[in-house]
Structures are given as structure tokens and as C-alpha cells.
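Trainee: Each chain, letter by letter, is given below.
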Amino acid sequence: MSKPVVATASLAGCFGCHMSLLDIDDRILQLIDLVEFNKSPVDDIKKFTKPVDIGIIEGGCCNSENVENLIEFRKNCKILISLGECAIMGGLPAMRNGIPIRECLEEAYLNCVTVDDKIIPNDPEIPMILDRVYPLHEIVKIDYYLPGCPPRADLIWEALTALLSGKPLNIPYEALKYD
Amino acid sequence: MSKITFEIDGKECTGKAGQTIVEAARDNGIYIPVLCWYEGMKPAGICRICTVRVGGRFMAACTTPVAEGMIVENEIPELEDMRKAIVEMLFVEGNHMCPTCEKSGNCELQALGYRYGLMAPRFPYLFPKRKMDATYTKIMIDTNRCVQCRRCVRGIVTKDGKHIFSMTNRSGHSTIVADPQLESKMSDELAKKAMDQCPVGAILKKEVGFAVPIGKRKYDVTPIGSEIQK
Ligand code: SF4
Ligand code: SF4
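Chains as they are written, first to last, in the working numbering: chain A, 1 to 179; chain B, 1001 to 1230.
Since the hints were made in silico from the structure, they are not lab data.
This structure is a prediction, so every number in the text was calculated from the model and none was measured.
Below, in silico cross-link-like pairs of lysine to any residue (SDA-like), each with a Cα-Cα straight-line distance of 25 Å or less: (1) Lys-1193(B) <-> Arg-1154(B); (2) Lys-1131(B) <-> Cys-112(A); (3) Lys-141(A) <-> Pro-1124(B); (4) Lys-1129(B) <-> Tyr-109(A); (5) Lys-1084(B) <-> Ala-162(A); (6) Lys-1205(B) <-> Met-95(A); (7) Lys-1084(B) <-> Glu-138(A); (8) Lys-1084(B) <-> Ala-175(A); (9) Lys-47(A) <-> Leu-22(A); (10) Lys-1129(B) <-> Glu-138(A); (11) Lys-1218(B) <-> Val-1153(B); (12) Lys-1084(B) <-> Gly-1117(B); (13) Lys-1193(B) <-> Gln-1148(B).
Sequences and hints are given; from them, build the entire structure.
Mentor: What follows is the structure, encoded as C-alpha cells:
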């Protein structure tokens, strides 16, 4: 029987959630026995090459590329997991949500004391910034949520192994945290 | 004081006349979640997280006195889900970025989220526009995190009985403010008391922060309520 396929991505995140995934320590060897990785920064596969069982996404959506990537994941993954505070509620990037986008751009590219050539970048190659940062589940359907900043390694491990084995989720109290 | 016998979730309990359900439950080793209630403060019945069912009716356990023969339902799935929904509403109604919050680990709202195994709220985030006011002398008020329990309004008073905190504006715009003059004369102890009595990170004492390391904070290893539950 072929192994379940896992894909991961970091959208508007800091890669901390991916770091926490690596933080499962030597269980990473078990994980590699259990699953096969497809599109993911872990193996640097850039495009989906087969249908994926579990997609794991860190970071919310702050620009058009994040949205395209997320929709691509939803299309290719049977189960989609929202990993970490940014994916679930926007996190740190969402601290700009109360500030109009023009004000944000002007502050960063025009008024900031350290900028030299005062231009707001507008190259077609650069993804369009969204009016605010969106949690993943406001854009596509999400099947599971794993909170934390970053989510504790034990939480990720527990959730993944429960999903893979079909056993009920049994999260230790210390593993569910929002910080 | 006369003794009262009553029942919570089938367990025989005893209380004293004049005690509320929340108080009597505590004496009997039963936890009923609270947010606006604070030990020693007159109950206000604001947050409704303590809602129990008595004789088929929903009641705030913090304001309802115990009565002889009362049958109280507390830890039943229907109520637990309603309470979880209240926690979720409070999360989406404000801006709660726990990773950046000084109260994280010691926060009662967050701890209730942990207790109920809350992974993500069922309601959409509102991202309201709220203010943070650091112009005070002893404290900061971050209304992004305020759950409007009014513990500060009710419980923080000067030696001569003046209330330092109050609500301003109405309805969805109501916010907590402090009287700048009274606030500037607050002792360090009173400022600390204000911070400690606020269930969330809306009132912070200036010049200290993140004093307790992760792992040693109030709700890092034991759930809220476990100190009461027998
Ligand atoms: S007040 Fe509590 S729930 Fe809100 S951000 Fe701070 S720790 Fe999190
Ligand atoms: S500032 Fe704190 S204590 Fe005061 S009403 Fe808001 S949440 Fe309650």
C-alpha cells in the first residue's frame, strides 16, 4: 500500500510553524516512515505531482499569491489543516487590519525615515497586497485547526498521528496553547 | 446561618442561606466557570459564562441564590457548548493576539479557551477598531482585549472610596477609561491589583512585563478551575 501523501506551505507566516514541525525531534524518522511528502518547502517540491491526503498550511493570506496558493492546496488536498495563529486568525500580520491599506503602504514606502527612493512598489510581478489579512477559513473550507505560536510539536504530532491512524485525538493539556 | 441542601449534576451539596450558586458550588468542590465574577466583589451577572440550568430555566449562577431542594445542571454538554460559544464570541469581538500579549498564560479568557479545547472560533473575526492608551502614569489600557466584565470599575477604588475606572460611550462603542488624576496617584499595589483583577490583558502595569517565564505561568500546566474541582 502506498503511503499517505502530505503537502505543506507557509503563506503570510514566519516559518515558525514549520520549525515546530521539525521540533518533533527523532519522531521525524517515524514520520518519514509513515508519510510521503509532496509539494512542501521541506523537500522543495514546487508543484503538486499527485493527489495529496493532508495539506498543512501556516500563515494567513495577506496578498494575491497567498490566495492562489491556498486555493491550489484546497483543490489538491483531501484534508486541509490550518496550522498556527496566523493561519487561524491572521496573527501578527493582521495587526494591520485596523489600518487602511493606503496608510500602511505610505508609512512603509513613503514616510518611513529610512526609505530612500520614495515609491510604492507596483510591479506586475509583485503580488497584490490585500485590503487586510484573512484567516484561511475565510477563503477556503478548512477541516482542522491547530492553534499556537508556534503550535507545540506535541500537538502537531498528536494530530497527525491521530489523523493517519484514524484514532481519536488525545491532546495533552500542555500542548494546546495560543502563544 | 441556616443550612441549605441542593443538588448540582446529581451531587448532593450543602450551602448557606444567602450564598449564590457559584459560591456554594465552590465550597462543594464544583467549578462553575466565571469571568466577570470575582471573589469578594458584588456579583454583576454580566458575562453569562456561569449560566446553569435550574428547573429547565437558564440562570446566571453568580447572581442566583441557592435555595432548598434546588436542582442545578452545570457540566452538561448543552451548557458547556454555550459557554464555549461565549468564549469564542469574546475572542472574535476583540483583537486577541495572544502571542504578543503580556497576560498570556495568566489570562482567564485564554484559559477558558484551553479548558474547552477551543481550536478556532465558530464565528467570523470582526477585527474591530479599538484603542490602546498608554498615556496613563501607572498602567496601560488596551481596549482591544477588554471583555467589559467591569471588574476594574467595581473593584478598584481609592482609599477614600473613589472609583478609578469607568465605562464611557454606549453600546458597541463603550470602552473602559481611567480617571487620569486618580490613576496617577495609584500606589504600585493598587496598580498591580488592577492588572491582576482584570481577567484579560486589558489593564497592564507599566515597567514590568513578561516577568514569569513560559511554563511557570498560572495556566501553563493546570487548567482553570482545577484548583476548585474536587
Ligand atoms: S487578553 Fe488573553 S485572550 Fe486576549 S490576547 Fe491576551 S492572553 Fe490572549
Ligand atoms: S479592563 Fe479588564 S477588568 Fe476592566 S472591564 Fe475590561 S476586561 Fe474587565
